[in-house]
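Generate the whole structure from the sequences, applying the supplied hints.
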Amino acid sequence: MAWVLKMDEVIESGLVHDFDASLSGIGQELGAGAYSMSDVLALPIFKQEDSSLPLDDETKHPPFQYVMCAATSPAVKLHDETLTYLNQGQSYEIRMLDNRKIGDVPEITGKLVKSIIRVVFHDRRLQYTEHQQLEGWKWNRPGDRLLDLDIPMSVGIIDTRTNPSQLNAVEFLWDPAKRTSAFIQVHCISTEFTPRKHGGEKGVPFRIQVDTFKQNENGEYTDHLHSASCQIKVFKPKGADRKQKTDREKMEKRTAHEKEKYQPSYDTTVLTEMRLEPIIEDAVEHEQKKSSKRTLPADYGDSLAKRGSCSPWPDTPTTYVNHSPSPAPTFSSPPQSTCNVPDSNSSSPNHQGDGVSQASSEQLQPSATIQETQQWLLKNRFSSYTRLFSNFLGADLLKLTKEDLVQICGTADGIRLYHSLKSRSVRPRLTLYVCREQPVQQGQQQAAGGGGDSSSATPYVYHAIYLEEMVASEVARKLALVFNIPLHQINQVYRQGPTGIHILVSDQMVQNFQDESCFLFSTVKAR
Numbered sequence: 001m002a003w004v005l006k007m008d009e010v011i012e013s014g015l016v017h018d019f020d021a022s023l024s025g026i027g028q029e030l031g032a033g034a035y036s037m038s039d040v041l042a043l044p045i046f047k048q049e050d051s052s053l054p055l056d057d058e059t060k061h062p063p064f065q066y067v068m069c070a071a072t073s074p075a076v077k078l079h080d081e082t083l084t085y086l087n088q089g090q091s092y093e094i095r096m097l098d099n100r101k102i103g104d105v106p107e108i109t110g111k112l113v114k115s116i117i118r119v120v121f122h123d124r125r126l127q128y129t130e131h132q133q134l135e136g137w138k139w140n141r142p143g144d145r146l147l148d149l150d151i152p153m154s155v156g157i158i159d160t161r162t163n164p165s166q167l168n169a170v171e172f173l174w175d176p177a178k179r180t181s182a183f184i185q186v187h188c189i190s191t192e193f194t195p196r197k198h199g200g201e202k203g204v205p206f207r208i209q210v211d212t213f214k215q216n217e218n219g220e221y222t223d224h225l226h227s228a229s230c231q232i233k234v235f236k237p238k239g240a241d242r243k244q245k246t247d248r249e250k251m252e253k254r255t256a257h258e259k260e261k262y263q264p265s266y267d268t269t270v271l272t273e274m275r276l277e278p279i280i281e282d283a284v285e286h287e288q289k290k291s292s293k294r295t296l297p298a299d300y301g302d303s304l305a306k307r308g309s310c311s312p313w314p315d316t317p318t319t320y321v322n323h324s325p326s327p328a329p330t331f332s333s334p335p336q337s338t339c340n341v342p343d344s345n346s347s348s349p350n351h352q353g354d355g356v357s358q359a360s361s362e363q364l365q366p367s368a369t370i371q372e373t374q375q376w377l378l379k380n381r382f383s384s385y386t387r388l389f390s391n392f393l394g395a396d397l398l399k400l401t402k403e404d405l406v407q408i409c410g411t412a413d414g415i416r417l418y419h420s421l422k423s424r425s426v427r428p429r430l431t432l433y434v435c436r437e438q439p440v441q442q443g444q445q446q447a448a449g450g451g452g453d454s455s456s457a458t459p460y461v462y463h464a465i466y467l468e469e470m471v472a473s474e475v476a477r478k479l480a481l482v483f484n485i486p487l488h489q490i491n492q493v494y495r496q497g498p499t500g501i502h503i504l505v506s507d508q509m510v511q512n513f514q515d516e517s518c519f520l521f522s523t524v525k526a527r
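At position 416 of the sequence shown (counting the first as 1) the number is 416 in my numbering, and the numbers step up by one without a gap.
Some hints here could point you the wrong way.
As the list claims (entries may be wrong) - Derived pair list, reagent style DSBU-like, types lysine-lysine, alpha-carbon separation capped at 30 Å: (1) Lys202 <-> Lys236; (2) Lys250 <-> Lys202; (3) Lys259 <-> Lys236; (4) Lys138 <-> Lys202; (5) Lys138 <-> Lys399; (6) Lys138 <-> Lys238; (7) Lys138 <-> Lys236; (8) Lys77 <-> Lys250; (9) Lys77 <-> Lys261; (10) Lys138 <-> Lys243; (11) Lys399 <-> Lys238; (12) Lys253 <-> Lys238; (13) Lys261 <-> Lys238; (14) Lys202 <-> Lys261; (15) Lys236 <-> Lys399; (16) Lys243 <-> Lys253; (17) Lys178 <-> Lys214; (18) Lys399 <-> Lys422; (19) Lys202 <-> Lys259; (20) Lys77 <-> Lys245; (21) Lys77 <-> Lys202; (22) Lys101 <-> Lys111; (23) Lys250 <-> Lys261; (24) Lys238 <-> Lys202.
To be verified - What follows is a list of derived Cβ distance ranges for each label pair: (25) Gly203 <-> His61: 32 to 38 Å; (26) Gly203 <-> Arg248: 18 to 24 Å; (27) Asp159 <-> Gln508: 49 to 55 Å; (28) Leu378 <-> Gln492: 36 to 42 Å; (29) Gln508 <-> Leu378: 40 to 46 Å; (30) Lys379 <-> Gly500: 43 to 49 Å; (31) Asn99 <-> Asn218: 26 to 32 Å.
These are calculated hints, taken from the structure and not from any lab test.
Source: prediction; values computed, not measured.
Glycine residues also receive a C-beta, built at the ideal position from the N, C-alpha and C atoms.
Next up, the structure:
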């Protein structure tokens with residue numbers, strides 16, 4: 001116990017001595033070399049801390065937040081920006097989240113906003129030569145895009161657009177109040193833009209950048225609201241998974257002290273809010289003028305994997321009329337000479353369809369250009385989707401499945417567009433074959449009565465009439481359409497029965513017609 005008290009006395013005496021020494025300078029006058037407090041506060045370190053403080057709550061709470069469903073790399077140091085590995089051509093979800101507090105940005109409440117997603121270069125050196133780099137990529141990959149939007153998998157996006165001259169950008173409208181997810185596909189890989197390609201070189205990093213705009217006074221989406229981005233590297237298919245596994249194994253081999261210097265791997269990537277920097281177009285133009293030739297990247301070597309197999313090509317739609325030349329089907333019984341007599345056993349020579357069969361000639365062709373595709377959409381009452389499919393060729397539209405169209409256009413219009421593309425007419429409830437009886441001349445009647453050769457007579461040509469409704473008015477309308485008779489001139493439609501009596505055609509009679517019945521048709525002037 002004496003030893004403990006002895007140590008306490010020594011410690012206490014030492015503390016008193018240090019405290020006396022620290023007070024020894026109080027009261028002395030400051031010399032010429034002393035520091036001024038105003039000068040101290042003006043040091044850069046204090047200015048930086050002061051400027052870094054948020055000026056208002058808006059800095060803490062950006063209006064939107066974008067989260068990409070892809071894991072971050074575990075091999076990133078604590079104070080460095082996150083890095084995410086992506087597979088080429090794979091669809092990745094970007095969730096568009098409304099992060100506003102009550103009362104924030106009230107002008108967009110209940111309205112749509114426009115977002116532009118881009119793939120850009122992370123390195124400043126490549127940003128200045130972006131135009132040449134993208135032109136070189138386009139030269140080596142004709143017809144491909146750096147960035148695509150997976151429309152069938154996306155949720156809540158409206159009026160999607162891709163500009164053929166901007167291969168690295170997609171844009172769409174969305175409602176912040178509704179769940180919105182955009183699925184993107186990046187088709188360029190990081191090693192395509194390395195200056196030297198000898199194998200094993202590190203690929204250049206890209207950035208996924210999302211810029212969101214609201215409408216101005218003229219209704220155009222030009223007022224900037226928010227921007228955010230994240231750093232990525234793109235590998236060939238499944239390469240990102242292997243790289244992620246390699247980084248994880250390397251981190252497991254490190255000591256606990258070394259692991260503290262690195263960020264953990266997160267399941268999702270939060271895009272970091274950023275301030276828009278003005279695009280230095282003067283520098284870009286200077287670079288273009290300075291190089292007399294277009295600089296192309298080196299040969300890209302192995303061909304890249306495609307974006308995925310397309311839907312099977314649609315089969316030729318079944319129509320009710322065979323347009324190929326074929327022998328006319330005939331029946332053994334001779335044709336009736338009376339008018340309006342149904343006889344399923346009567347002769348049925350060549351028959352042709354009515355106006356419904358002409359739909360096959362108006363179907364969208366795979367070779368249709370963008371302009372022809374737009375005209376087809378307008379002609380078939382899909383004008384509200386012309387902007388959505390503004391860059392679609394006929395082949396692009398025909399490759400979409402029924403599920404794709406329902407996802408893009410909604411259930412009702414999606415199914416209608418699918419059936420229009422496949423030229424699926426409404427299956428008729430009843431098919432009738434009708435031939436107009438020609439008036440018999442007296443000379444022809446005598447020749448026929450004298451046993452002339454009936455085989456040389458002109459064969460009867462029948463028209464096919466398809467009834468979607470089993471009513472008498474539909475029969476009259478179809479007859480007027482096929483035989484070019486004004487509908488208002490048809491007073492009644494009769495069927496000739498036993499002993500030549502005329503029976504009024506009613507709805508109940510039409511419902512009892514046998515399918516593919518044959519009729520001879522003639523007109524009688526009303527008295």
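Quick rundown of the hints versus the structure:
{"no.": "1", "hint": "Lys202 <-> Lys236", "in the structure": "holds, 13 Å"}
{"no.": "2", "hint": "Lys250 <-> Lys202", "in the structure": "holds, 17 Å"}
{"no.": "3", "hint": "Lys259 <-> Lys236", "in the structure": "holds, 29 Å"}
{"no.": "4", "hint": "Lys138 <-> Lys202", "in the structure": "holds, 22 Å"}
{"no.": "5", "hint": "Lys138 <-> Lys399", "in the structure": "holds, 24 Å"}
{"no.": "6", "hint": "Lys138 <-> Lys238", "in the structure": "holds, 24 Å"}
{"no.": "7", "hint": "Lys138 <-> Lys236", "in the structure": "holds, 18 Å"}
{"no.": "8", "hint": "Lys77 <-> Lys250", "in the structure": "holds, 13 Å"}
{"no.": "9", "hint": "Lys77 <-> Lys261", "in the structure": "holds, 6 Å"}
{"no.": "10", "hint": "Lys138 <-> Lys243", "in the structure": "holds, 27 Å"}
{"no.": "11", "hint": "Lys399 <-> Lys238", "in the structure": "holds, 26 Å"}
{"no.": "12", "hint": "Lys253 <-> Lys238", "in the structure": "holds, 23 Å"}
{"no.": "13", "hint": "Lys261 <-> Lys238", "in the structure": "holds, 28 Å"}
{"no.": "14", "hint": "Lys202 <-> Lys261", "in the structure": "holds, 23 Å"}
{"no.": "15", "hint": "Lys236 <-> Lys399", "in the structure": "holds, 25 Å"}
{"no.": "16", "hint": "Lys243 <-> Lys253", "in the structure": "holds, 16 Å"}
{"no.": "17", "hint": "Lys178 <-> Lys214", "in the structure": "holds, 16 Å"}
{"no.": "18", "hint": "Lys399 <-> Lys422", "in the structure": "holds, 11 Å"}
{"no.": "19", "hint": "Lys202 <-> Lys259", "in the structure": "holds, 23 Å"}
{"no.": "20", "hint": "Lys77 <-> Lys245", "in the structure": "holds, 17 Å"}
{"no.": "21", "hint": "Lys77 <-> Lys202", "in the structure": "holds, 18 Å"}
{"no.": "22", "hint": "Lys101 <-> Lys111", "in the structure": "holds, 16 Å"}
{"no.": "23", "hint": "Lys250 <-> Lys261", "in the structure": "holds, 14 Å"}
{"no.": "24", "hint": "Lys238 <-> Lys202", "in the structure": "holds, 17 Å"}
{"no.": "25", "hint": "Gly203 <-> His61: 32 to 38 Å", "in the structure": "holds, 35 Å"}
{"no.": "26", "hint": "Gly203 <-> Arg248: 18 to 24 Å", "in the structure": "holds, 19 Å"}
{"no.": "27", "hint": "Asp159 <-> Gln508: 49 to 55 Å", "in the structure": "holds, 51 Å"}
{"no.": "28", "hint": "Leu378 <-> Gln492: 36 to 42 Å", "in the structure": "holds, 40 Å"}
{"no.": "29", "hint": "Gln508 <-> Leu378: 40 to 46 Å", "in the structure": "holds, 42 Å"}
{"no.": "30", "hint": "Lys379 <-> Gly500: 43 to 49 Å", "in the structure": "holds, 48 Å"}
{"no.": "31", "hint": "Asn99 <-> Asn218: 26 to 32 Å", "in the structure": "holds, 27 Å"}
Violated hints for the displayed structure: none, as all numbered hints are satisfied.
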